[in-house]
Each structure stands twice: as C-alpha cells, then as structure tokens.
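Asks: Sequence:
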Amino acid sequence: MEEKNRKQIRKTGRKPKIDPAVHRYSINLNDEDNAKFLALFDQSEMKAIAHFITACIFQKTVKTVKIDMNAVEYHAGLTKFFGQFRGIATNYNQIVRLLNANFSEKKASAYLYKLEKQTAEMKELLLKVLILTDEFEKKYLNKE
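Using numbering that gives the first Met the number 0, the first residue of the sequence shown is number 0, and each one after it goes up by one.
No wet-lab data here; the hints were simulated from the structure.
Since the structure is predicted, the reported quantities are computational estimates derived from the model, not experimental observations.
Some hints here could point you the wrong way.
Within a straight-line C-alpha distance of at most 25 Å, the following computed BS3-like cross-link-like pairs (lysine-lysine) qualify [said to hold, decoys possible]: (1) Lys16 / Lys46; (2) Lys138 / Lys127; (3) Lys137 / Lys116; (4) Lys35 / Lys14; (5) Lys79 / Lys14; (6) Lys106 / Lys116; (7) Lys65 / Lys137; (8) Lys122 / Lys137; (9) Lys46 / Lys59; (10) Lys137 / Lys79; (11) Lys35 / Lys46; (12) Lys16 / Lys59; (13) Lys116 / Lys79; (14) Lys113 / Lys127.
Full structure from sequences and hints, please.
Replies: And the structure:
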C-alpha cells in the first residue's frame, strides 16, 4: 500500500539546480571605491551585480558595446540617399532611350543637354556627401 502512495506523490514546483550557488561573501567599500565600482558596473551594462563581480574576480572579459545612434541615423540616411541615386540612374537610362527613340536628333540633344546639366549638379552633390562622410568617419568613428 505504501508503495502505491509513493508512486502517486507528484513533485511540483521548480526543479532544483544541478550546481546551486550557495556560498556567499561580503565586502565593504568606502564611498570612493563604491563610486568607482558602480561606474564600472554601469559601463559593463550587465543586469546583475553578482554576475559582474564574479566576472571581475575570475578575470572573465567584460564586454561593453556602445551604439552611437547618430552614426546609425547617418548610415540609414546615406543608405536611403544612395538608393535614390540608383533609382535616378535607372530613370536616366530610360529617359535617354525614349528621347533617342521618339524625338528628332536636334530636339533629343537639347533635352540631353539639360539632363547633363542636372547630372553635373548631382555629381557635385555626391562629392560633397562623400567629403562629409569622410569627415564624419574621422571625427566620430575614429577611422583613418
């Protein structure tokens, strides 16, 4: 009878850990050391102080990744900008084909002259963007 009762007992709750952390240590810091400790903890961006302390004690590397949102926004803007340039290049080729196919040579050359002026302006704009990008990389991304 007792064997049946033992089999019917259900174990509920959380499963016990294989290697539980039960050993605890305590340290005392003065105000200056505590400020340094908290600054290091904030830089590590770890969520638990205990994990940070164990990483420091056992000399595990504490990795911090800082994301510069200005650089991300600048990159996104450049990506959109160059996407628009690709679209313009496609339209440019289509316009040239249509001009040569549907207009006389004199009229087509007049329109192409206007189109070339606009293209030269776009080229100057692109060069300015490239210069600004180089300056941005040198100043903010430390690329040389």
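Asks: Determine for every hint whether it applies to the structure shown.
Replies: Results for each hint:
no.	hint	verdict
1	Lys16 / Lys46	holds, 21 Å
2	Lys138 / Lys127	holds, 16 Å
3	Lys137 / Lys116	violated, 32 Å
4	Lys35 / Lys14	violated, 38 Å
5	Lys79 / Lys14	violated, 51 Å
6	Lys106 / Lys116	holds, 16 Å
7	Lys65 / Lys137	holds, 18 Å
8	Lys122 / Lys137	holds, 23 Å
9	Lys46 / Lys59	holds, 16 Å
10	Lys137 / Lys79	holds, 22 Å
11	Lys35 / Lys46	holds, 17 Å
12	Lys16 / Lys59	holds, 23 Å
13	Lys116 / Lys79	holds, 23 Å
14	Lys113 / Lys127	holds, 22 Å
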